[in-house]
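Participant: Chains as they are written, first to last, in my numbering: chain E, 1 to 274; chain X, 1001 to 1310.
Note that these hints are calculated values from the structure, not bench results.
Computed from a predicted model, the values in this text were never measured in an experiment.
Please note: incorrect hints may appear among the correct ones.
Here are the in silico distance ranges between beta carbons for each label pair [stated by the list, open to error]:
1) E:Ala36 - X:Ser1202: 38 to 44 Å
2) E:Arg17 - X:Ala1155: 33 to 39 Å
3) X:Tyr1112 - E:Gln137: 42 to 48 Å
4) X:Ala1155 - E:Asn112: 48 to 54 Å
5) E:Arg187 - X:Trp1145: 30 to 36 Å
6) X:Ser1296 - E:Asp67: 52 to 58 Å
7) E:Ala36 - X:Leu1128: 47 to 53 Å
8) E:Lys19 - X:Trp1145: 23 to 29 Å
9) E:Glu179 - X:Ala1155: 54 to 60 Å
10) E:Lys19 - X:Ser1202: 19 to 25 Å
11) X:Ile1156 - E:Gln137: 42 to 48 Å
Which stretches of chain X does chain E cover? Using the computed rule of at least three CB atoms under 8 Å from a CB of chain E, they are [what the hints assert, rightly or not]:
12) 1202-1216
13) 1219-1229
From the three backbone atoms N, C-alpha and C, an ideal C-beta is built for every residue, glycine too.
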Amino acid sequence: MKKGRIKIRDLHKSFIREKTNEDLAALENFNFTINAGEFISVVGASGCGKSTLLRMIAGLEKPTRGDILCDGKKVEGTSPDRGLVFQEHALFPWLTIRKNIAFALKSSGRYNDYAHTIDPLIEKVGLKEFANSYPHQLSGGMRQRAAVIRSLAVSPDVLLLDEPLGALDSFTRMVLQDEIIRLWKERENTMVMITHDVDEAVYLSTRIVVMSPRPGRITEIVPVPMPYPRNRGALEFSELRTRLLKTLNFAADVERAKGLEPSTSTLARWRSTR
Amino acid sequence: MSLLIIVQYLYVPNFREFTPLDQNAPTNTFVWFLGFFAALFLGWNIVSLFSSRASGMLKKRAPIFTAAFLLLLAYDWATLSTGMLPQPFVPWPDAILNAMIRDREILARSLYHSLRLLFTGYGIGVGLGVISGVAAGRSASIRYWIQPLVKVFGAIPAVTWLPIVIVLSGNIPGGLFGGAVLLIAVAVWYPITSTTMNGVLSVPKGTFEAASTFGVSKLGMIFKVAIPASSPFVFQGLTQGMSIACTALLVAELMGVEAGLGWYINWQRGWADFAGMYAAVVIIAVTFFIVNAVLSMIRNFVLRWKEGIS
Ligand SMILES: Nc1ncnc2c1ncn2[C@@H]1O[C@H](COP(=O)(O)OP(=O)(O)OP(=O)(O)O)[C@@H](O)[C@H]1O
Ligand SMILES: [Mg+2]
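Work out the full structure, taking the sequences as your base and the hints as a guide.
Facilitator: Quick look at the structure:
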């Protein structure tokens, strides 16, 4: 049986602001089940709680209410079964790229099983000449690629990606999107990826989760019933893109409409962001 | 390439011709000494003809070496040739070299004593400093207790405690040596603790979080993440600590410990043997220079991953 099924039940997360002691709701009423082997993209406005959601699935953050189950087991703390690629790369600067990956493998106790995959992985993402370089000697995009394969090398059941391709030019991005699909097909793991790029979401995912602005809730879940590899020029593709953009804009419109006629709750929210 | 080397080459034999002119020089030790370096540079020049790396190194260093020998020349001239500096309190190079040779056994033993004291104290201080620094960096409650300790006692020069250590030396295991070790260790502990703590605190949260998603153990978090991530800061403390340790060592030896180069200086001063005194001073200077050079070599090697180093 495939592993990597995630069940999010009535998830709620709020942060306590240090200065004012106010509660800041980041995520509310989040119910969602991700099947094993799915590729989920999460889109939504900046600050709507996408990273927070991912961090909670990874086990780095505790939910305020509700819980997350991974293959039936409650998520309490981190595990090599749930990898996370950070929004800022978070490679270890004192280790070369190859050693970064080896360190991840050794720490997770999977070195013996996967050591032979290190070099092929490095080669696949075009970093062969930089395997023995330190992170600061790489470009931003190269670092991001290295971070992706470092997490992938451990072969987690669930790989969580926080805008992994955000810093890249569109050409490199497309190349790496294909790379990610290939790796995903090969490993058959569950992918949960945050992105700001609607095209990317449509190109990669089996389902797309659209979130509302803060506090983050699910606005819509959009299935993408297209076979891989997908054609970016297909009519179906562009229709879905248009629809998604509408949904996202709609969410923003609602917020704007609220802003014109400030209710107590938006006023409170407005204050809390100052 | 050749121009600087030729200049260098011309300078060194100059000294050689110069020294035999000093009629009152009782021995040829200084000539040998200079001859040794002249030969060394000659050899280096020859190697440079074949190796561009050696030539590059020589070219870069030729001016400073030349300056060093000119200084030596000036010193020799001011003491031996003209007696401009008050005699007999400033002996000439030849006499200092001869004193080194005459007392080589006792000097070597003193050097050994000094280094043993230095490194025992330094090692203990560094070990404890790194442990407490990492602990304080990782745990807010430990930091609460250690921070004021470092702030208050770190501001007091460690040698302030020396008289107390001397008085209490009868009650300290290892006697005066143990006391001096303690003194140096404590002196080194402050800067190491505070730089290590700041280093650990400055490690981005994401670094620890990334490590935890790979399942790094608690011990691994300290030894494989916290310490390497903060090593630039730790080395800052190691360098600072070394200079403090050297000071503490000398003060301890000059004032109380009955062995080592500091003690030798005092002893020779008592006998008005100024050449011997100067010999020890020179050895101390050279030793501390080498110790620091080695430390910075280790630092450059360990921190080779860092931008701007190497
Ligand atoms: N540790 C924290 N303490 C307090 N507030 C936090 C913390 N982490 C996140 N927040 C708040 O929670 C909200 C959601 O943050 P999050 O980082 O999840 O947004 P995001 O959707 O990932 O945004 P972006 O697309 O810009 O990365 C923000 O308003 C943020 O201020
Ligand atoms: Mg984010």
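Participant: For each hint, tell me whether it holds in the structure or not.
Facilitator: Hints, verified against the model:
no., hint, in the structure
1, E:Ala36 - X:Ser1202: 38 to 44 Å, "holds (40 Å)"
2, E:Arg17 - X:Ala1155: 33 to 39 Å, "holds (37 Å)"
3, X:Tyr1112 - E:Gln137: 42 to 48 Å, "holds (43 Å)"
4, X:Ala1155 - E:Asn112: 48 to 54 Å, "holds (52 Å)"
5, E:Arg187 - X:Trp1145: 30 to 36 Å, "violated (48 Å)"
6, X:Ser1296 - E:Asp67: 52 to 58 Å, "holds (53 Å)"
7, E:Ala36 - X:Leu1128: 47 to 53 Å, "holds (50 Å)"
8, E:Lys19 - X:Trp1145: 23 to 29 Å, "holds (27 Å)"
9, E:Glu179 - X:Ala1155: 54 to 60 Å, "holds (56 Å)"
10, E:Lys19 - X:Ser1202: 19 to 25 Å, "holds (23 Å)"
11, X:Ile1156 - E:Gln137: 42 to 48 Å, "holds (43 Å)"
12, 1202-1216, "holds (count 11)"
13, 1219-1229, "holds (count 5)"
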